[in-house]
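Asker: With the hints as constraints, model all of the structure from the sequences given.
There are 2 protein chains.
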Amino acid sequence: MASWLIENAAVVTMDDEERVLPEADILIQGAEIAGLWASGETPRGTTADRRIDAKGMVALPGLVNAHTHCAMTLLRGYADDMPLVPWLQERIWPFEMKLNEEDVYWGSLLGIAEMIRGGVTCFNDMYHYPEATMRAVLDSGIRGIVSGVVLALLPDAKDRLERAIELAGEWKGKGDGLLVTMLSPHAPWTCPNDLLERVVEGAQETGVGIHIHVSETEEEVQNSLRQFGKTDVGRLEEIGLLDISPVLAAHCVHVTDSDIHTLVEKRVGISHNPGSNMKLASGTAPIPRLLAAGAIVGMGTDGAASNNNLDMIEEARLAALLHKLQARDPTVVTAHQAIAMATRGGARALGIGDRVGQIKPGWKADLILLDFRQPHLFPPHDVVSHLVYAARAGDVRTVFVNGRPLMVDRELRTLDEEKIFAHVAERLKRLM
Amino acid sequence: MASWLIENAAVVTMDDEERVLPEADILIQGAEIAGLWASGETPRGTTADRRIDAKGMVALPGLVNAHTHCAMTLLRGYADDMPLVPWLQERIWPFEMKLNEEDVYWGSLLGIAEMIRGGVTCFNDMYHYPEATMRAVLDSGIRGIVSGVVLALLPDAKDRLERAIELAGEWKGKGDGLLVTMLSPHAPWTCPNDLLERVVEGAQETGVGIHIHVSETEEEVQNSLRQFGKTDVGRLEEIGLLDISPVLAAHCVHVTDSDIHTLVEKRVGISHNPGSNMKLASGTAPIPRLLAAGAIVGMGTDGAASNNNLDMIEEARLAALLHKLQARDPTVVTAHQAIAMATRGGARALGIGDRVGQIKPGWKADLILLDFRQPHLFPPHDVVSHLVYAARAGDVRTVFVNGRPLMVDRELRTLDEEKIFAHVAERLKRLM
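Chains as they are written, first to last, in the numbering used here: chain A, 1 to 432; chain B, 1 to 432.
It is worth saying that the hints were derived from the structure and are not from the lab.
Take every hint as true, because none was put in to throw you off.
Since the list can't tell identical chains apart, any single copy or any two copies may satisfy a pair.
Once the Cα atoms are required to be at most 25 Å apart in a straight line, the calculated DSS-like pairs of lysine-lysine come out as:
#1 Lys419 to Lys429
#2 Lys172 to Lys158
#3 Lys419 to Lys98
#4 Lys419 to Lys55
#5 Lys55 to Lys429
#6 Lys266 to Lys172
Because the structure is a prediction, the values reported are computed rather than measured.
Answerer: Quick look at the structure:
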């Protein structure tokens, strides 16, 4: 693979020292970041196959979308502003019943195109027909963590789970490690104990992690307390599910102090999804308390039926704004904390935080360049503040994943958008 | 002025029938919209000097930013994540003390460039050195409502007010009506009764409206109750300020049922500014109740020190998301209501709703085209939903104000951004 030298970028490293380098050079060799120097201190003789003059641009580790259902782009704008139960029962589920594997493939590619354009270099997906999304990951070159959702209410739940375990083992690590697999029981309220126990066994057998919705709505937690005498987190702990590593628990909106203690102790990764939680009126996750307790918190967009985009810069902004308001304290969830959740936090939550989520020599070259020479990002008093409070997904110009350029100057390199639009439009004729 | 024919756009009219035309043509002649027809029904022989093929684009009335302090773009990212009082006293006010008229001119142009790029065709401004912002309005061709802020704590408050009254009379209606002037007493808590009474007189003498902050924080309202035995709204009513037309009351976060009744009865325009209210942790304005009571509600970004951009699509999204969450009801503040506040609602609140804020023959040609042929806006199940829940300011391609193209295919026609960046950078050397 080619080597690249990115010169004169403002670099938000997201490293442990929270360094922001006002002007620096980044050397990419193969899949990795091979060097990072303040401009002018780059060793003489440093060469690369390609150079990018990134003056006026900001380099950031690629955004990590820690919870989504990528192919739900097919349902973007299909049903909004509705109460939760009719929304699911009358609109979303009947549509999903009609989906086939190729629909999910093209819907996944549409979502991946959107994510690359918005600087997302890694996403964690839970959906039907996971093979289709796995193929889309490999065809696009994005880093993807993919799992096939299992719910007891599907008639073939047990067969699906066995198939999901097989797939997770078969596809694990494909694409030079770009593809990571997991198992995904939908949620405690949709999965009885025997199903969850088999998930734990399957994860142990294949050596993969688990992706699950946890305590998204108040009602779920109340039902769990009534039925099991435990919260969702308490029940998952008892079953042994939280001893798997990694576990990515999406939402965690309605968690108790004791749940927070357990989540921290078991090192469970949490995906905070403020856009979806607001749009579906689910509630506000206690992110300031989770962060203060030392929880591992990433962020996600959720699916495009409840967001309705896959824009992680928007999620970072929503987190910073929402928690200030709810705490009535403008110092809560700082810009740095918000962007940390959207990058290194997500990578840690997904069990890849030892190689993804920072701009650091030896780490995977998953990084993005944003064009800051625009009126809404001027003057550049504070680039971290601007990333969270002023920037937009469309400001991303160039995207590397695993050292490979997936977008350069807003041109996608691995995907043909017009072809994706045409396939999606054609498939929707049947689905609608 | 040239005539334009925009063909094959999806047109979100924002008219009284809430019509969305899937494919339509718009004829602009001079400053006005001269025709609107479903494509194919446009009369034979309809000609124009220029044509735009807007297939795949959405036409929307220009966004109306009903409350901002445009030149505060100079302070974007200069101080964030701080408690309100030190933020104002240690950072914002000392910076503002150093500003001169030319600083405000270039800061205003920077904000106007950002707003045009984001589809804002009209803004309502309150700041120091209003002549500078008025010049920036006329030089850029945007529609601007400009007033010079008056606060009692400035040593020359009374002289400033007299000067502001003079200016409002002198500049009123310049630029073929693009420039509207108002008076702007900062807020009830910063203006004693005699100052407010003189504002009312001045507004009557010059025939202009009033722009004022109202009940932004809980503390202001508590102080007003202690000092005057009345809420802000009650006090303004008593002074007779609410009998001026129009009055634009920004924020209205902490208003009582009785205040709401008064605001509706007096036909006061309200600017809802959710981004700023969240970032400064001020609270949540009771927008669902205000709308249900029949209040005239627009939206604004507030200044770039507390937002930190001038992005009205983001404000519309925040409004739709925030009120769903706070009401725990996903049907509250629909996509249509949100975009209505950001367009026609703002125009009505500012007293220009009889000619701005809808795409309608005979109305001012203030309209924008957004490029919907992008992954994050596909598939086009519902364009109004997409505008609010998925679109971004950067999706705006073309902007007309008063029939004049200010941006075509993302090229600004009246402003030189590089020149603005250079002037702002130079001035910041002195200010910092």
